[in-house]
Amino acid sequence: MRRLLLAALLILPVAAHAQSGIALTDAFTRAAAVGGVGGAFVTIANTGAADRLTGVASPDAEKAELHESLVDNGIMKMRPVSGIDVPAGAAVKLAPGGYHIMLMGLKHALVAGEAIQLTLTFAKAGPVTTTARILKAGASMPAGHGMDGHGMGGHDMGQMPGMSMPGMPMHDAPAK
Amino acid sequence: MPKPTEHISPKPENGGKFVFGVLGLLFAVLIVGAGITMWLGGATPGGLSIGGPFSLADGDGKRVTDRDLRGKFMLVYFGYTFCPDVCPTTLNQVAEAMDRLGPRADRVQTVFITIDPKRDTSPVMKQYVASFGPRIMGLTGTEAEIAAVAKEFRVYYAPHRTGDGPNDYTMDHSSVLYLLGPDGTFISPLRADAGAEQLAADLAKLLN
Numbered sequence: 001m002r003r004l005l006l007a008a009l010l011i012l013p014v015a016a017h018a019q020s021g022i023a024l025t026d027a028f029t030r031a032a033a034v035g036g037v038g039g040a041f042v043t044i045a046n047t048g049a050a051d052r053l054t055g056v057a058s059p060d061a062e063k064a065e066l067h068e069s070l071v072d073n074g075i076m077k078m079r080p081v082s083g084i085d086v087p088a089g090a091a092v093k094l095a096p097g098g099y100h101i102m103l104m105g106l107k108h109a110l111v112a113g114e115a116i117q118l119t120l121t122f123a124k125a126g127p128v129t130t131t132a133r134i135l136k137a138g139a140s141m142p143a144g145h146g147m148d149g150h151g152m153g154g155h156d157m158g159q160m161p162g163m164s165m166p167g168m169p170m171h172d173a174p175a176k
Numbered sequence: 001m002p003k004p005t006e007h008i009s010p011k012p013e014n015g016g017k018f019v020f021g022v023l024g025l026l027f028a029v030l031i032v033g034a035g036i037t038m039w040l041g042g043a044t045p046g047g048l049s050i051g052g053p054f055s056l057a058d059g060d061g062k063r064v065t066d067r068d069l070r071g072k073f074m075l076v077y078f079g080y081t082f083c084p085d086v087c088p089t090t091l092n093q094v095a096e097a098m099d100r101l102g103p104r105a106d107r108v109q110t111v112f113i114t115i116d117p118k119r120d121t122s123p124v125m126k127q128y129v130a131s132f133g134p135r136i137m138g139l140t141g142t143e144a145e146i147a148a149v150a151k152e153f154r155v156y157y158a159p160h161r162t163g164d165g166p167n168d169y170t171m172d173h174s175s176v177l178y179l180l181g182p183d184g185t186f187i188s189p190l191r192a193d194a195g196a197e198q199l200a201a202d203l204a205k206l207l208n
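Protein chains in written order, with the numbering used here: chain A, 1 to 176; chain D, 1 to 208.
Heads up, a few of these hints could be off.
Distance condition first, Cα-Cα at most 20 Å in a straight line; then the derived SDA-like pairs of lysine to any residue [claimed, not checked]:
hint, chain 1, residue 1, chain 2, residue 2
1, A, K77, D, K62
2, D, K62, D, P123
3, A, K77, D, R154
4, A, K77, D, P123
Which stretches of chain D does chain A cover? Using the computed rule of at least three CB atoms under 8 Å from a CB of chain A, they are [stated by the list, open to error]:
hint, stretch
5, 139-152
6, 174-188
Quick caveat, the hints were computed from the structure, so don't treat them as lab data. Each residue gets a CB set at the ideal place from its N, CA and C atoms; glycine is no exception.
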């Protein structure tokens with residue numbers, strides 16, 4: 001039942017925004033504690049006219065911002081950005097080490113294997129919602145391992161590198 | 001190191017000495033500069049001092065000193081838990097590299113030291129490092145203790161305001177892994193962004 005619901009959530013935004021040309025894929029975030037911060041990542045494909053990502057929100061976080069990580073002379077920096085351009089016909093990847101969605105004040109622990117909702121707002125396309133799967137802490141989505149055709153359950157996670165790592169105390173975290 | 005007062009005298013007979021002293025200092029700066037350049041380039045210059053004595057608090061608030069960690073290699077990384085991108089990516093790679101090393105990983109203590117002690121209290125650190133498995137020890141301390149240990153490890157850090165709230169800031173910080181030997185001496189820096197496989201291979205060569 002949950003899978004059906006999640007599958008529906010995955011299909012809906014694509015269907016609803018077929019005309020705008022914005023499609024969100026491979027959204028993921030990582031296990032994190034309640035009240036803490038989380039980074040979320042997504043690939044934005046734009047088959048329509050040039051657009052700009054201007055905001056982001058999640059019902060699972062008090063606040064969400066667009067941030068950029070950059071390395072300047074060996075120093076790691078993180079800066080909020082006002083928006084991210086999505087040129088016509090281009091795909092922009094929010095990925096570790098570059099742009100990310102900064103989730104602040106998590107309302108519940110993010111547990112690996114579960115999922116959260118993200119709504120990205122574009123200057124032209126308006127709000128587009130997607131579902132981000134929760135990977136283990138610090139994990140990255142392997143290349144070419146999208147959600148299409150895969151279940152969202154824990155079994156799928158077992159195929160990912162490092163997913164077999166023991167000790168995920170986040171499962172014991174309070175306040176789901 | 002001669003005291004600076006020895007060189008202040010304007011007497012002519014000391015002039016040569018003064019010039020010599022200045023040249024010596026310049027030379028020392030050049031050597032250190034070259035050392036840092038080599039260090040950033042991934043080389044392992046002998047005698048470069050990284051690390052030193054520290055006393056910090058673990059996830060239970062218990063004191064941990066550098067001496068407590070002797071007998072094992074120490075793989076240390078500085079960062080902060082409110083970093084959602086590079087820090088967790090690095091710590092996950094460290095955890096995966098340790099898994100790849102198998103039994104050899106038991107000879108290494110991985111240590112994550114916060115450079116944001118204001119937010120990263122012992123309980124916060126405990127919960128955070130636990131999410132990367134049982135191997136990583138999270139250490140925090142007072143602002144002064146963190147400043148001291150960061151200086152010893154030549155780690156730069158500074159807050160960057162992002163808003164008006166007390167917690168509206170991110171931290172700029174050096175992102176590098178250091179390997180120290182079982183006797184506490186510095187062995188090598190390791191790239192924090194090379195991936196778990198590379199990190200495991202690099203560590204395997206250094207764990208002798």
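Margin query: Given the hinted pair K77(A) and R154(D), is their Cα-Cα distance within 20 Å?
Written below: With Cα atoms ~17 Å apart, K77(A) and R154(D) stay inside 20 Å; holds.
Notebook entry, point to check: Per the coverage rule (Cβ-Cβ under 8 Å, at least three residues), is the stretch 139-152 of chain D covered by chain A?
Noted result: Violated - the stretch 139-152 of chain D has 0 residues with a Cβ nearer than 8 Å to chain A, which falls short of three.
Check: Hey, K77(A) versus K62(D), does the alpha-carbon distance stay inside 20 Å?
Finding: Given pair K77(A), K62(D) is violated - Cα atoms ~31 Å apart, limit 20 Å.
Checklist line | Proposed proximity, P123(D) with K62(D) (alpha carbon, max 20 Å) | finding: holds, 11 Å
Checklist line | 20 Å Cα cutoff - pair K77(A), P123(D) | finding: This hinted pair is violated, its Cα atoms lying about 25 Å apart.
Notebook entry, point to check: Checking C-beta pairs, does the stretch 174-188 of chain D have three or more residues closer than 8 Å to chain A?
Noted result: Coverage by chain A holds here, the residue count being 3 at a Cβ distance below 8 Å.
Going through the hint list in order, the structure does not satisfy hints 1, 4, 5.
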